[in-house]
Amino acid sequence: MLYSPFPAKNAWPRPAKSRCIRPDMRRLLIPVLVCALGAAQAAPHTPRSDDEVLEHLPYKASAAEGKELRQLRRALAEQPRNLARALALARRYFDLAGAEGDPRYIGYAEAAIRPWSQAADPPPEILVMRALLRQYRHEFDAALADLARAAEHDPGSAEIWSWRSAIFLVQADYAGARAACAKLAPVASALLGTACISSVDGLTRKSAQAYTELSKALARRPDADPDFKLWIQTRLAEMALRQGRDALAERHFKAGLALGVTDGFILAAYADFLLDRGRAAEVVALLRDWERSDILLLRLALAEQALKHPSAPAHIAMLKQRFDASARRGDKLHQQEEARFHLYLLGDAPGALRLAAENYRLQREPRDARILLEAALAAKQLAAAQPALDWLRASGYEDPLYAKLAQAFKDGAK
Amino acid sequence: MSRALALLLLCASLAAQAHKPSDSYLHLKIDGAEVTGQWDIALRDLEQAIGLDTNGDGEITWGELRAHHTDIAAYALARLSVAGDAKSCPLAVSGHQVDQHSDGAYAVLRFSGICEHAPAVIEIGYNLFFDFDAQHKGLLNLEYQGRVQSLVFAPEQTKQRFELGAMSAWRQFMSYGREGAWHIWIGYDHILFLISLLLPAVLLRERRRWLPVARFGDAFWDVFKIVTAFTVAHSITLSLAAMGVISLPSRLVESAIATSVVLAALNNLTPVVGGRRWMVAFAFGLIHGFGFASVLTELGLPRDTLVLALVGFNLGVEAGQLAVVAAFLPLAYFLRAGWFYQRVILFGGSMVIVAIALIWLLERVLDMKLISA
Numbered sequence: 001m002l003y004s005p006f007p008a009k010n011a012w013p014r015p016a017k018s019r020c021i022r023p024d025m026r027r028l029l030i031p032v033l034v035c036a037l038g039a040a041q042a043a044p045h046t047p048r049s050d051d052e053v054l055e056h057l058p059y060k061a062s063a064a065e066g067k068e069l070r071q072l073r074r075a076l077a078e079q080p081r082n083l084a085r086a087l088a089l090a091r092r093y094f095d096l097a098g099a100e101g102d103p104r105y106i107g108y109a110e111a112a113i114r115p116w117s118q119a120a121d122p123p124p125e126i127l128v129m130r131a132l133l134r135q136y137r138h139e140f141d142a143a144l145a146d147l148a149r150a151a152e153h154d155p156g157s158a159e160i161w162s163w164r165s166a167i168f169l170v171q172a173d174y175a176g177a178r179a180a181c182a183k184l185a186p187v188a189s190a191l192l193g194t195a196c197i198s199s200v201d202g203l204t205r206k207s208a209q210a211y212t213e214l215s216k217a218l219a220r221r222p223d224a225d226p227d228f229k230l231w232i233q234t235r236l237a238e239m240a241l242r243q244g245r246d247a248l249a250e251r252h253f254k255a256g257l258a259l260g261v262t263d264g265f266i267l268a269a270y271a272d273f274l275l276d277r278g279r280a281a282e283v284v285a286l287l288r289d290w291e292r293s294d295i296l297l298l299r300l301a302l303a304e305q306a307l308k309h310p311s312a313p314a315h316i317a318m319l320k321q322r323f324d325a326s327a328r329r330g331d332k333l334h335q336q337e338e339a340r341f342h343l344y345l346l347g348d349a350p351g352a353l354r355l356a357a358e359n360y361r362l363q364r365e366p367r368d369a370r371i372l373l374e375a376a377l378a379a380k381q382l383a384a385a386q387p388a389l390d391w392l393r394a395s396g397y398e399d400p401l402y403a404k405l406a407q408a409f410k411d412g413a414k
Numbered sequence: 415m416s417r418a419l420a421l422l423l424l425c426a427s428l429a430a431q432a433h434k435p436s437d438s439y440l441h442l443k444i445d446g447a448e449v450t451g452q453w454d455i456a457l458r459d460l461e462q463a464i465g466l467d468t469n470g471d472g473e474i475t476w477g478e479l480r481a482h483h484t485d486i487a488a489y490a491l492a493r494l495s496v497a498g499d500a501k502s503c504p505l506a507v508s509g510h511q512v513d514q515h516s517d518g519a520y521a522v523l524r525f526s527g528i529c530e531h532a533p534a535v536i537e538i539g540y541n542l543f544f545d546f547d548a549q550h551k552g553l554l555n556l557e558y559q560g561r562v563q564s565l566v567f568a569p570e571q572t573k574q575r576f577e578l579g580a581m582s583a584w585r586q587f588m589s590y591g592r593e594g595a596w597h598i599w600i601g602y603d604h605i606l607f608l609i610s611l612l613l614p615a616v617l618l619r620e621r622r623r624w625l626p627v628a629r630f631g632d633a634f635w636d637v638f639k640i641v642t643a644f645t646v647a648h649s650i651t652l653s654l655a656a657m658g659v660i661s662l663p664s665r666l667v668e669s670a671i672a673t674s675v676v677l678a679a680l681n682n683l684t685p686v687v688g689g690r691r692w693m694v695a696f697a698f699g700l701i702h703g704f705g706f707a708s709v710l711t712e713l714g715l716p717r718d719t720l721v722l723a724l725v726g727f728n729l730g731v732e733a734g735q736l737a738v739v740a741a742f743l744p745l746a747y748f749l750r751a752g753w754f755y756q757r758v759i760l761f762g763g764s765m766v767i768v769a770i771a772l773i774w775l776l777e778r779v780l781d782m783k784l785i786s787a
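Taken in sequence, the protein lines are chains A and B.
Numbering-wise (the working numbering), the first sequence opens with residue 1 and increments by one.
Numbering-wise (the working numbering), the second sequence opens with residue 415 and increments by one.
The reader is advised that the hints may include incorrect statements.
As the list claims (entries may be wrong) - With a Cα cut of at most 30 Å, we get these calculated DSSO-like pairs of lysine-lysine:
{"id": "1", "chain 1": "B", "residue 1": "K573", "chain 2": "A", "residue 2": "K332"}
{"id": "2", "chain 1": "B", "residue 1": "K443", "chain 2": "A", "residue 2": "K320"}
{"id": "3", "chain 1": "A", "residue 1": "K404", "chain 2": "A", "residue 2": "K380"}
{"id": "4", "chain 1": "A", "residue 1": "K206", "chain 2": "A", "residue 2": "K216"}
{"id": "5", "chain 1": "A", "residue 1": "K404", "chain 2": "A", "residue 2": "K206"}
{"id": "6", "chain 1": "A", "residue 1": "K332", "chain 2": "A", "residue 2": "K380"}
Hints are computed from structural coordinates only; laboratory data are not their basis.
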């Protein structure tokens, strides 16, 4: 069964149940020591006892997930040149990366398909897989090119067109997204087709119409996959926000969360909604167990700072450590969050503007534009936000909050 | 919220681990022919590579890790190579520990190795985990003579090459320069000698009375002559002593330096040498040069780059000296006409300097400790 393969723009971790909910007294001792030093790293040490648990793996080797993964790995190890086996393992890893929000699996998946992906003319299935992995790492143009090549072989693949439209949306290329939706419609379910086109409409002056159509299409398919329903509820909430209908938006956020599917995207969007409305205490309650995700940790720290919560400084230090760690390896996956971190938690407007501008060259979703506008205002360098202002005017994006920001630029220019 | 609860929340949050792509942290230190290192490798990755969770309960204990130490050492060292001047420096693991990074627990491997000789070029080959993780990176910190360089290994970059020689020359030059400046800063005898000679530079001696100089240029010229003479003189003896042409017993040198301070300060109380203090600076500067040379000898002189070290050290000394002059001259010029400068600073200051230098002289002649640490 195929449901919406809309790309995970970022990694969305689920909280590890074993770690976050059940406190292990042995493990608590080390953090208490670490606490005294802020978020500083522990030093190399020798554990006292053989029973000391050092690491919790994401799954038990004995559990079904572990067994399945081991089987797939073993199957590929037996025949490393078996394309079907490599693809099965890579797909499993890619799904795990999305579900667990763990980018390690992306590297594993890339290695599994390497014998084919490094060839001059990879088979179409490999091209699709490579595109998914590339978009995960924000190599959007390369991913689009792979999907275009794959579509030459397989123009009837709903997956290819869904991904193309989703990537075009991230790049704010609405014509490209519409064209992909047009190719998708004949080969996909009515709900997926509507979801595709209304995602574009929702960003381009037609959010009311898009909202009506998408909610109608959803109502007709109560049997849809919960993951897909969650995705639609999030989009409906965003469309309601653009029309200034806060109460309606919140109903959709809550309906999405009530589906019981763990998803970082809706949590981030709902947390931003709450933060914008000064409801920081609810954000702290919502994201308390989500420090593993950089994206959600940022929202949590913003809320804690607004409340002068005692754990705000530690969380700010943790974020700093994580951004430093990804800078060391040369990653730039969370620049939008890093820009917000600089602007609102470090009070560094010029640094935030530099990051937001660099991020906007690659990613052009509304939120990417917003941090660029806010950082440019704070740094008093209005011209730096011109690309975002151009986007706002050209797209006709309707959110009243953005209209206010644009007004601030007009006032500032006078 | 109670403090205890807040602390608990805080700690629970610190225990939460971030997700990030796989990295290992490799620290290598090259010291002569010796290589020592620390390698932090994520347990998650080792589990994927060789399997650590023996009982399959989804948790890795210290006992399970310990049981795999030999395997880990063999696996890791088979994927790391260090070569000095194209000859392999065999590595051996010397210890195992654990540490926490932002994404979880890491095995810490300590290792060491010996190259055939102190290498001029070091080559490091890294091949950990690239076979199953195309996003893995090895983050290398290479330490050599106190300087650390950071580099990244990736599947497309599995080798790194360093020219230690080039790093070393510049490093040595800078380090000797710093030592020179530092020695002036903490070498009170040199500073006090210089200050004693500089104090009267903003004044003129006429009919047994001090008068302020009319123009800044006059004071500047006097200071310039003194500092230049001192510099030229101590550079000569510093170089001669460092190259082993002349050597004097250090007790004699140190005592002579103390004497020079006493005499320079006394000259301010009852002037004997007036406008020709630069000659005093030159004469005693020769002695001070021997003092600098003994510091340089203690630092250890590189045979191959002796001149570099000498020039670096000397430039450092000059930089320190110029800092003293730059702080002194404008202030003295500003205060020169007043009662305070002539009575308190020139007269009182010189008295204090004489007293201190006399104690040094006693200490050094009798080889005992009175005020010096």
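Evaluation of the provided hints:
no., hint, result
1, K573/B with K332/A, "holds, 24 Å"
2, K443/B with K320/A, "holds, 27 Å"
3, K404/A with K380/A, "holds, 17 Å"
4, K206/A with K216/A, "holds, 16 Å"
5, K404/A with K206/A, "holds, 19 Å"
6, K332/A with K380/A, "holds, 25 Å"
Against the hints set out earlier in the document, no violation occurs for any number.
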